[in-house]
Amino acid sequence: MPLLEIKNLHARVAAPGGREILKGVDLTIDKGQVHAIMGKNGSGKSTLAQVLMGRETYEVTDGQVLYKGRDLLELSAEERAREGIFLAFQYPVEIPGVSTSYFLKAAVNAIRKHRNEPELDAMDFLKLVKEKMKLLKMDQSFMNRAVNEGFSGGEKKRNEIFQMAVINPTLALMDETDSGLDIDALKVVANGANSLRTPDRAILIVTHYQRLLNYIEPDCVHVMMDGRIVKSGGKELAVQLEERGYDWVEKEIAQLAL
Amino acid sequence: MTRLLDDRRSMLGNFTDSALRAPASAIPWLQRLRRDALERFQAAGFPTTRDEEWRLTNVAPIARTAFDPAPAQMPPVAGELAGEFSFGADAAAEIVLVNGRFAPQLSRTGELPAGVRVASLAEAMQESPELVERHLGRYVDLSRHPFAALNTAHLHDGAFIHVPRGAQVRRPIHVLCVSVPGERPTAAYPRVLAVFGETAQATLVESYVGAGKAMYFTGAVTEIIAEAGAHIDHCKLQQSSLEAWHIAAMQVQLARGATFISHSATLGGRLTRNDLDVILDGEGADATLNGLVIIGGEQHVDNHTLLKHEKPNCPSHELYKHVLDGRSSAVFKGKIFVQKGAQKTDSKQTSKSLLLSDEATMNSQPALEIYADDVKCTHGSTTGPVDEEQVFYLRSRGVSLEAARHLLTYAFAADITRRIRVEPVRRRLEDFMAAQHGLPQDLRITDLGAHDEKAR
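Keeping their order, the protein sequence lines are chains A and B.
According to the working numbering, the first sequence holds residues 1 to 258 in order.
According to the working numbering, the second sequence holds residues 259 to 714 in order.
No false leads were mixed into what you were given.
Label-pair ranges, simulated between beta-carbon atoms:
(1) A:Glu20 x B:Ala625: 43 to 51 Å
(2) B:Glu441 x A:Lys113: 48 to 56 Å
(3) B:Pro643 x A:Ser179: 23 to 31 Å
(4) B:Glu556 x A:Gly17: 33 to 41 Å
(5) B:Pro643 x A:Asp184: 33 to 41 Å
Keeping only pairs whose Cα atoms sit at most 25 Å apart, straight-line, the calculated DMTMM-like set for lysine to aspartate or glutamate is:
(6) B:Lys606 x A:Glu149
(7) B:Lys606 x A:Glu94
(8) A:Lys156 x B:Asp645
(9) A:Lys137 x A:Asp121
(10) B:Lys610 x A:Glu94
(11) B:Lys606 x B:Glu310
(12) A:Lys113 x B:Glu660
(13) B:Lys610 x A:Glu149
(14) A:Lys251 x A:Glu20
(15) A:Lys40 x A:Glu243
(16) A:Lys156 x B:Glu646
(17) A:Lys156 x B:Glu647
Note that these hints are calculated values from the structure, not bench results.
Glycine residues also receive a C-beta, built at the ideal position from the N, C-alpha and C atoms.
Extracted from the complex, chain A is given alone in its bound form:
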């Protein structure tokens, strides 16, 4: 059984007359795999990540998503999170007044409670967090700062991957994590993501550029265009896209349509 199976997924902006953005996405991800979805701005790749996380600003109008064989679309965002899905945000949100420490502890314990595991006490939590901070090369003072408040773009992205490492999801969705990162930060972030590469987990990377894929090698690369996945291949496809851009794929698709 695949970990994630997306069949003919259609979604539109949840507003009267809302524009259709996903126009029939098909995608299957097995455990242990890393998939990358590449595409131009506006192709719908970030929308796909948000719809998978349960964002209510989008409305699914057709199609099906199975996660571990279960209907994912029936679950609320928090239920999806507790079932092991994690979204590393393209634009992480600032939450003034809530410390990273409290935020992360609340998240970890909400998930543990759902799995009937005992909640972590302050000591155990600190131990877990310290280990992951080391992995992401983060300073301890970070935990006492309000979530993302006053963080630089790079710090925010690093914080996403740090949370991901602490929460340890089954399916990690990384939305444009590489944007705004310098090369050193990119390596650190990739290192964090690679630590999640185990036979029972999977990662879906949404990105515009191939850069990040040099450090997190994907098993499959997909090209998204106008709300559909139009081409799939191995990691060499990412290199091709980087060298030649997206236009040749567009032409190829146009020719196929003739």
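Please arrange chain B on chain A, whose structure you already have, making use of the hints.
Only chain B this time, still in chain A's reference frame:
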């Protein structure tokens, strides 16, 4: 039952009678002060919603109610209520006013540093007549504050605080105003006069409390005088009954280099109006006015503040936050006045409101009046529901929708409470919010972590 008085004259008459019946004073200047105030109140009458300053706060229900004067005998339940809100050993001194009258058996005024005086106002008028006469009723502009005129017309007692030059009082001085009406609605007119000498340092807390759904009116006046270099931390906690009317005027006079930090929290009351006038009347005086309003149901709160910059080089900061649920409504009107010649004034005003229900309403209006040309004055205001981006972010990490909303509301208010340096006040506010939002006991302001914006 509430007796309603419809005729405007009889409405005024009712309040005039009560002023005339208030315990008389043998002190000539006080008699004069009272008489002038009464005349002024009679001439002006109650403000109406046609009056610009009262446009959004309708006091007609107060004017129409025939209040009983506060009973001379102290009701036994007052002691219980005072006990519940007492700071105990956390306070350096605690002065309790029951229905506006000094309650010696509930007050504790001993063991203060040399020269520091915490007493009933009536007592102070006997002991330090010159000091009281010099300040009492000398600063509040009765033409702008009709309810302050009404209070002054009833003036015979209250709380008096004097921290002389150079003295320091580390623990807070607590003025606890307890309202316990009889069978009919009761009116009380608490009065506080606090005088701080040069470089004196002290913390003054005023609490206004009442039980359950008791119906009563509080018309309070507080006057604070800070001489050069004095440093005053002030808190006002209003946790009246949900049927009470609370109208208060506070007047603060700051001399050269004096610092005044105020935190006002309004949680109770059916209708609340606070007028806070701060006069920066000496170079380098520094005022911080922060406010927190947490209301729901049918509650209405109107905060009017005035920062009057009379002299150069004075900074002032103001941050008011409102959490509005149910059908509640709030008004914030913050005026910054900069006198000609008050150069290098640096004033920043912010009002932020969180609407937890579609039926709650907020009205926020800044008012700047500037007659100097080298000043920095800014204001900003935001009003809206809980941020959906923040909610989704929390949910995407496994936190439930409800818990996310509660946490974000708590964090919004905690932005004010964490600035409060008076431990018993902060604790009370935290407990109130945690209980209201079903948040875990271990969630304390310290857990909310450092907020990088400079806490003032």
